[in-house]
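Assemble the whole structure, with the sequences as input and the hints as a guide.
Position 25 (the sequence shown) corresponds to 18 in the numbering used here; numbering is contiguous.
Treat the hints as calculated values from the structure; they're not laboratory data.
Hints may be right or wrong, so weigh each one.
Derived DEER-like restraints, expressed as beta-carbon distance ranges [to be verified]:
#1 Asn6 <-> Arg49: 26 to 32 Å
#2 Ala71 <-> Gly2: 15 to 21 Å
#3 Lys5 <-> Val56: 33 to 39 Å
#4 Asn19 <-> Thr39: 20 to 26 Å
#5 Arg18 <-> Arg49: 19 to 25 Å
#6 Asp16 <-> Glu40: 27 to 33 Å
#7 Glu38 <-> Asp16: 32 to 38 Å
#8 Gln59 <-> Lys5: 26 to 32 Å
#9 Tyr52 <-> Asn6: 31 to 37 Å
#10 Leu68 <-> Arg1: 17 to 23 Å
#11 Gln59 <-> Gly3: 24 to 30 Å
#12 Gln41 <-> Ser61: 18 to 24 Å
#13 Gly55 <-> Arg28: 17 to 23 Å
From the three backbone atoms N, C-alpha and C, an ideal C-beta is built for every residue, glycine too.
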Amino acid sequence: MVVIRLARGGSKNRPFFSIVATDKRNRRDSNFIERIGYYNPGAVETEQGFRVAQDRLTYWQGVGAQLSPTVARLLKGAPKA
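As structure tokens, then:
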């Protein structure tokens, strides 16, 4: 099954997450099918902390991909553009 979840990047104590579509059996940071956005929890006011390609998210959900609980929470709190 395909799942949309976070893959961690960045250095120690400075996390940066990519929002990726991947097979559920893959490890958190291993290979993925497509990167559809990012989340930067340490973003300052001048930086954009969250971005997702809405068309690709809609596509993946249309073909049966499930959102992880964390990604679902981030999308729920994201401002509508």
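Verification of the supplied hints:
Between Asn6 and Arg49 the beta carbon distance is about 30 Å. The supplied range of 26 to 32 Å therefore holds. Judged by the Cβ atoms, the range 15 to 21 Å given for Ala71 and Gly2 holds: they are separated by roughly 20 Å. At about 36 Å, the beta-carbon gap between Lys5 and Val56 stays in the expected band of 33 to 39 Å. As the Cβ distance of Asn19 to Thr39 is approximately 34 Å, the hint placing it in 20 to 26 Å is violated.
Checked against the hint of 19 to 25 Å, the C-beta distance between Arg18 and Arg49 comes to roughly 21 Å, which is consistent with it. With their beta carbons about 31 Å apart, Asp16 and Glu40 fall inside the hinted range of 27 to 33 Å. Between Glu38 and Asp16 the Cβ separation comes to about 37 Å, which falls inside the hinted range of 32 to 38 Å. Between Gln59 and Lys5 the CB atoms are about 30 Å apart, so this pair conforms to the stated range of 26 to 32 Å.
Take Tyr52 and Asn6: their Cβ atoms lie about 35 Å apart, and the range 31 to 37 Å holds. At about 18 Å, the beta-carbon gap between Leu68 and Arg1 stays in the expected band of 17 to 23 Å. A hinted range of 24 to 30 Å holds for the C-beta pair Gln59 and Gly3, which are about 25 Å apart. Distance hint check for Gln41 and Ser61: the Cβ-Cβ separation is about 21 Å, which falls inside the suggested range of 18 to 24 Å.
About 18 Å separates the C-beta atoms of Gly55 and Arg28, a value consistent with the hinted range of 17 to 23 Å.
Of the numbered hints listed earlier, the single one contradicted by the structure is hint 4.
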